[in-house]
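Whenever a hint applies, use it, and build me the whole structure from the sequences.
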Amino acid sequence: MRPSDQLSQFVRDALIAGKPRDQIEDALKQAGWAYNEARNAMESWADQDFAPPIPRPRPYLSAKEAFFYGLMFAALAMMAWHLTALSFNLIDRWQPDSTETHFRSYKLRQIRWSIASLIVFSPLFFILNTRVVRATKADPGKRRSGVRKWFSYITLFLAAASLLGALLWVVYALLEGDLTTRVICKAVVVAVVAGAIFSYFRRETEGD
Amino acid sequence: MQRDLLPQIAIGVLVIGAIAFGLIVTGGPSGGRMQKRDNERMKDLRELVEFVHCISDEKGNKLPETLEPNRKCHRNIQLNDPFTDKPYSYTRLSYKKFSICAEFEWPEILPERYIKAGGFERSQGCAVSTYNPN
Numbered sequence: 058m059r060p061s062d063q064l065s066q067f068v069r070d071a072l073i074a075g076k077p078r079d080q081i082e083d084a085l086k087q088a089g090w091a092y093n094e095a096r097n098a099m100e101s102w103a104d105q106d107f108a109p110p111i112p113r114p115r116p117y118l119s120a121k122e123a124f125f126y127g128l129m130f131a132a133l134a135m136m137a138w139h140l141t142a143l144s145f146n147l148i149d150r151w152q153p154d155s156t157e158t159h160f161r162s163y164k165l166r167q168i169r170w171s172i173a174s175l176i177v178f179s180p181l182f183f184i185l186n187t188r189v190v191r192a193t194k195a196d197p198g199k200r201r202s203g204v205r206k207w208f209s210y211i212t213l214f215l216a217a218a219s220l221l222g223a224l225l226w227v228v229y230a231l232l233e234g235d236l237t238t239r240v241i242c243k244a245v246v247v248a249v250v251a252g253a254i255f256s257y258f259r260r261e262t263e264g265d
Numbered sequence: 696m697q698r699d700l701l702p703q704i705a706i707g708v709l710v711i712g713a714i715a716f717g718l719i720v721t722g723g724p725s726g727g728r729m730q731k732r733d734n735e736r737m738k739d740l741r742e743l744v745e746f747v748h749c750i751s752d753e754k755g756n757k758l759p760e761t762l763e764p765n766r767k768c769h770r771n772i773q774l775n776d777p778f779t780d781k782p783y784s785y786t787r788l789s790y791k792k793f794s795i796c797a798e799f800e801w802p803e804i805l806p807e808r809y810i811k812a813g814g815f816e817r818s819q820g821c822a823v824s825t826y827n828p829n
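Taken in sequence, the protein lines are chains A and B.
So for the first sequence, the working numbering puts the first residue at 58; every next one is plus one.
So for the second sequence, the working numbering puts the first residue at 696; every next one is plus one.
Treat the hints loosely; a few may be bogus.
[Claimed, not checked] Covered stretches of chain A, as calculated for chain B (at least 3 residues, CB under 8 Å): (1) 164-176; (2) 179-192; (3) 253-261.
[Claimed, not checked] FRET-style restraints, in silico, Cβ to Cβ: (4) B:Lys731 <-> A:Lys194: 33 to 39 Å; (5) A:Trp170 <-> B:Ser818: 47 to 53 Å; (6) A:Glu122 <-> B:Trp801: 36 to 42 Å; (7) B:Ala715 <-> A:Trp138: 16 to 22 Å; (8) B:Glu816 <-> A:Ile211: 49 to 55 Å; (9) A:His159 <-> B:Tyr790: 49 to 55 Å; (10) A:Trp170 <-> B:Asn765: 40 to 46 Å; (11) B:Arg808 <-> A:Phe124: 53 to 59 Å; (12) B:Gly814 <-> A:Gly127: 31 to 37 Å; (13) A:Phe124 <-> B:Gly722: 36 to 42 Å; (14) A:Trp151 <-> B:Gly727: 19 to 25 Å.
[Unchecked claim] Mimicking BS3-like on lysine-lysine, the simulated pairs with C-alpha atoms at most 25 Å apart in a straight line are: (15) B:Lys792 <-> B:Lys731; (16) A:Lys86 <-> A:Lys194; (17) A:Lys76 <-> A:Lys86; (18) A:Lys164 <-> B:Lys731; (19) B:Lys731 <-> B:Lys781; (20) B:Lys738 <-> A:Lys164.
These are computed hints drawn from the structure, not numbers from a lab.
Note that CB positions come from ideal geometry on N, CA and C, so glycine has one too.
Written out as C-alpha cells, the structure is:
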C-alpha cells in the first residue's frame, strides 16, 4: 500500500471509529505528516454525518507536477550536456590534437549551439529550482512527491553513471598511454559537473 | 544553507565561464559573420580555379595571363571579393601551375575544401592548382 493510501485508510478508519476530525488531524501531524498532507487527508473525506465516510472527488495532481518537474529536469539535462560539450570543445581549442591541422570550423558552430542552449536553459533551471526549493520549504510534504522522487533518482543515477564513466575513461587512457592534459581536463569537467549534480540531488533525496 | 548552495554556485560559475570563453573563441556575432564571408571567398576561389582550367582549354592549352570573363566558360564567377571589392589575385607560378588568392579574415578556421588538381595554402590564403592539358 502506498503511503497516501495508508493515510487515507487511516483517516477513514478513525472517522468510522467516531474520532473528532481535529483530533485525527493533530494525531497525523504528531506522527510526522506535513501540515498540507494532514489537511489533504482530512479533506478527502466529506464532513457529513454519514457512515461509512463519503470520499470527496479529488483533483489529480501528478500531471501538473510531471509538467513542472519534467521541465526542470529537461532544463538540467540540457544545461549539463551543453556545459560539458562546450567545455570539451574549448579544451580541444586550447590543447589541439597533434593530428589536426587546424581548428575545425564545425566546432565553432557546435560552440555557438552550446552557448545558445546554456543561455536558454541555465536560467530556466535555476528559476524553476528556486521555486521548488521555496515550495518545499513552505510545504515539506512536497518532498514525498512521487514524480519528484523518480526524477531525482533518475538524475542521481545518470550523474553517478557519468562519474564512473569519467573514472573508467581516465584509467583506460592511462593504460593506453594517452593520459594527456586534454584527457585529464575533460575528465575533470565531467567530474565537476556530474559531482555537483550528484551532491545536490543526494541532499534532495536525503531522508528517503 | 551555504553548503546547500555550493553545487549550484559551482555549476553557475562554470556556465558563465564556459559562455564567456565560448564567446571569445567564436568571436561572437562578428566572428560568425567573418566565417560566412570567408566561406563565400573560398567558394569563389574554387570556382575561379575551375574557370582557369576551362579557359586554358579554350586558349590553346595555355594558362591565361589575366582573368577575364569568357563566353564559353561563362560560369557564375566572381573576379572581385564581394565584400571588399578587391580583385582576387591570380598568379602563374609556372607554365602549368597557378594560384588564386584572397584576403581571408580568419584563415585558421577555414574548412578544408576540394580544389581541382591542387590544394589550399592556408597561410597565404591561396588556392593552388596545376593545369594538365588533355
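Supplied distance hint 36 to 42 Å, evaluated on CB atoms of Glu122 (chain A) and Trp801 (chain B): 49 Å, violated
Range hint 40 to 46 Å (beta carbons of Trp170 (chain A) and Asn765 (chain B)) holds or violated: Given range 40 to 46 Å: holds, Cβ gap about 43 Å.
Cβ distance range 53 to 59 Å for Arg808 (chain B) and Phe124 (chain A), holds or violated: 47 Å Cβ-Cβ, so the 53 to 59 Å window is violated.
Pairwise hint evaluation, Lys731 (chain B) against Lys792 (chain B), where the allowed Cα distance is 25 Å at most: 29 Å, violated
Range agreement (Cβ of Gly127 (chain A) with Cβ of Gly814 (chain B), hint 31 to 37 Å): 51 Å, violated
Given hint Lys86 (chain A) paired with Lys76 (chain A) - CA-CA distance at most 25 Å: Satisfied, since the Cα-Cα distance of roughly 15 Å is no more than 25 Å.
Distance restraint evaluation - Phe124 (chain A), Gly722 (chain B), Cβ atoms, bounds 36 to 42 Å: 39 Å, holds
25 Å limit on alpha-carbon distance, applied to hinted pair Lys86 (chain A) and Lys194 (chain A): Holds - the C-alpha atoms of Lys194 (chain A) and Lys86 (chain A) are around 16 Å apart, at most 25 Å.
Range agreement (Cβ of Tyr790 (chain B) with Cβ of His159 (chain A), hint 49 to 55 Å): Violated: the Cβ-Cβ distance is about 31 Å, outside 49 to 55 Å.
CB-CB spacing for Gly727 (chain B) and Trp151 (chain A) relative to the 19 to 25 Å hint: 21 Å, holds
Cβ distance range 47 to 53 Å for Trp170 (chain A) and Ser818 (chain B), holds or violated: For Ser818 (chain B) against Trp170 (chain A), whose Cβ atoms are near 29 Å apart, the range 47 to 53 Å is violated.
Verdict on chain B covering the segment 164-176 of chain A, criterion of 3 CB contacts below 8 Å: holds (count 7)
The structure does not agree with the numbered hints 4, 5, 6, 9, 11, 12 and 15 stated previously, though it agrees with the rest.
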